[in-house]
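Trainee: Going down the list, the sequences are from chains A and B.
Quick note, the first sequence lines up with residues 1 to 126 if you use our numbering.
Quick note, the second sequence lines up with residues 1 to 179 if you use our numbering.
Hints listed in this document are in silico derivations from the structure and should not be mistaken for laboratory results.
A hint or two may mislead.
Here are the computed distance ranges between Cβ atoms for each label pair [what the hints assert, rightly or not]: (1) Asp125/A - Gln93/B: 24 to 34 Å; (2) Ile40/B - Ser9/A: 15 to 25 Å; (3) Lys103/B - Lys89/A: 43 to 53 Å; (4) Asp169/B - Asn34/A: 19 to 29 Å; (5) Glu28/B - Gly88/A: 21 to 31 Å; (6) Asn135/B - Asn34/A: 25 to 35 Å; (7) Pro48/B - Gly8/A: 38 to 48 Å; (8) Ala43/B - Glu55/A: 45 to 55 Å; (9) Glu109/A - Arg113/B: 49 to 59 Å; (10) Glu55/A - Asn134/B: 26 to 36 Å; (11) Gln162/B - Lys86/A: 42 to 52 Å; (12) Ile164/B - Pro41/A: 39 to 49 Å.
Calculated lysine-lysine pairs in the DSS-like style (CA-CA distance at most 30 Å, straight line) [to be verified]: (13) Lys58/A - Lys12/B; (14) Lys40/A - Lys116/A; (15) Lys89/A - Lys116/A; (16) Lys81/B - Lys12/B; (17) Lys42/B - Lys22/B; (18) Lys22/B - Lys108/B; (19) Lys53/B - Lys116/A; (20) Lys86/A - Lys40/A; (21) Lys79/A - Lys53/B; (22) Lys40/A - Lys53/B; (23) Lys79/A - Lys58/A; (24) Lys42/B - Lys40/A; (25) Lys22/B - Lys53/B; (26) Lys108/B - Lys81/B; (27) Lys42/B - Lys103/B.
All C-beta atoms, glycine included, are put in the ideal place defined by N, C-alpha and C.
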Amino acid sequence: MNSLVLEGSPKTPSINFNGANGAFLIEGRSIPENSLDFYKPVMEWLDSYINEPQEETKVSIRLEYFNTSSSKCILDVFKKLETVFKRGKKVIINWHYEMDDEDMLEAGEDYQSIVKIPFNMIEDDE
Amino acid sequence: MNFDLNQWYEEKIDEDAIFDYKGRIDDEDVTRILNSIERILKAKDESPKIFKKIFNVLIELVQNLHHHGEVPADLNVDYNKFGVLILRDEGMQYRISVGNFIKIEGLKLIRDRIDQINTLSSEETRNLYRIILNNEQFSEKGGGGLGMVEIARKSGNNMEYQFIDYNADYLFLSIDVVI
Numbered sequence: 001m002n003s004l005v006l007e008g009s010p011k012t013p014s015i016n017f018n019g020a021n022g023a024f025l026i027e028g029r030s031i032p033e034n035s036l037d038f039y040k041p042v043m044e045w046l047d048s049y050i051n052e053p054q055e056e057t058k059v060s061i062r063l064e065y066f067n068t069s070s071s072k073c074i075l076d077v078f079k080k081l082e083t084v085f086k087r088g089k090k091v092i093i094n095w096h097y098e099m100d101d102e103d104m105l106e107a108g109e110d111y112q113s114i115v116k117i118p119f120n121m122i123e124d125d126e
Numbered sequence: 001m002n003f004d005l006n007q008w009y010e011e012k013i014d015e016d017a018i019f020d021y022k023g024r025i026d027d028e029d030v031t032r033i034l035n036s037i038e039r040i041l042k043a044k045d046e047s048p049k050i051f052k053k054i055f056n057v058l059i060e061l062v063q064n065l066h067h068h069g070e071v072p073a074d075l076n077v078d079y080n081k082f083g084v085l086i087l088r089d090e091g092m093q094y095r096i097s098v099g100n101f102i103k104i105e106g107l108k109l110i111r112d113r114i115d116q117i118n119t120l121s122s123e124e125t126r127n128l129y130r131i132i133l134n135n136e137q138f139s140e141k142g143g144g145g146l147g148m149v150e151i152a153r154k155s156g157n158n159m160e161y162q163f164i165d166y167n168a169d170y171l172f173l174s175i176d177v178v179i
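Start from the sequences, fold in the hints, and give me the full structure.
Mentor: As structure tokens, this is what we get:
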């Protein structure tokens, strides 16, 4: 399967979903005024991926900031991946947060409480 | 008795004010405001933790202005999103004041929402956030109803608000958040 690559901007994260090896990355800031527009192609790509997923999908989330309108879209990303997980494939979410950023850790825990996929909370030094 | 926006604004800007803005709140204005405040806080060498809290709350407040900042006809401006934002460094705390016009019929909804959130403990705020996050609903403006909850959660303080009569159709809503 092909990959999805979106370059980051001051208000939108860089997205790199590798369809060939199942390594997914969302990184940067996700604070667009209209996040539904930004995440639409991501959801469409995931709809295809769900039908031909890799044995293992490893998702790295390295967000500095995200706004509340993005938070629902991020949940939707996880829910798509939950479908893959429920079909017996391995899915893991590595939720990165900067040292002492308790708010970002809590945000990860919010998703962890809703989504039935294993989460690793990873505190980064820098 | 008539509300004087300029006077209200000028009174807010004293020696504690480190950023102020009054005017159009289009996409590019949101970006500019956030960039300016980021530069100001970085220059003050504020701790990353406080900086992030302020910035998170600001994002929601400015985007609220963008989505809900109405323009009464007598403002005589050629755009349709208007808002006011003042950031003050009060020594032991930061205070963000925002203001925008709302249609009178919107009063009850907004007041009830803020009142409800203000009564919640931090644990209850977190639970409410999770419930709304997972309720699958998105408002037309994409906000999803989470903004106010997020502001309360990140700031850890109650929102102080005031509705001021403006004319037959509009009120001016000011909200202060202390961090």
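Trainee: Does each hint fit the structure? Answer for all of them.
Mentor: For each hint, the structure was consulted:
no.	hint	in the structure
1	Asp125/A - Gln93/B: 24 to 34 Å	29 Å, holds
2	Ile40/B - Ser9/A: 15 to 25 Å	22 Å, holds
3	Lys103/B - Lys89/A: 43 to 53 Å	50 Å, holds
4	Asp169/B - Asn34/A: 19 to 29 Å	27 Å, holds
5	Glu28/B - Gly88/A: 21 to 31 Å	47 Å, violated
6	Asn135/B - Asn34/A: 25 to 35 Å	20 Å, violated
7	Pro48/B - Gly8/A: 38 to 48 Å	20 Å, violated
8	Ala43/B - Glu55/A: 45 to 55 Å	49 Å, holds
9	Glu109/A - Arg113/B: 49 to 59 Å	25 Å, violated
10	Glu55/A - Asn134/B: 26 to 36 Å	28 Å, holds
11	Gln162/B - Lys86/A: 42 to 52 Å	49 Å, holds
12	Ile164/B - Pro41/A: 39 to 49 Å	43 Å, holds
13	Lys58/A - Lys12/B	50 Å, violated
14	Lys40/A - Lys116/A	23 Å, holds
15	Lys89/A - Lys116/A	13 Å, holds
16	Lys81/B - Lys12/B	21 Å, holds
17	Lys42/B - Lys22/B	22 Å, holds
18	Lys22/B - Lys108/B	25 Å, holds
19	Lys53/B - Lys116/A	28 Å, holds
20	Lys86/A - Lys40/A	23 Å, holds
21	Lys79/A - Lys53/B	27 Å, holds
22	Lys40/A - Lys53/B	28 Å, holds
23	Lys79/A - Lys58/A	14 Å, holds
24	Lys42/B - Lys40/A	33 Å, violated
25	Lys22/B - Lys53/B	23 Å, holds
26	Lys108/B - Lys81/B	21 Å, holds
27	Lys42/B - Lys103/B	37 Å, violated
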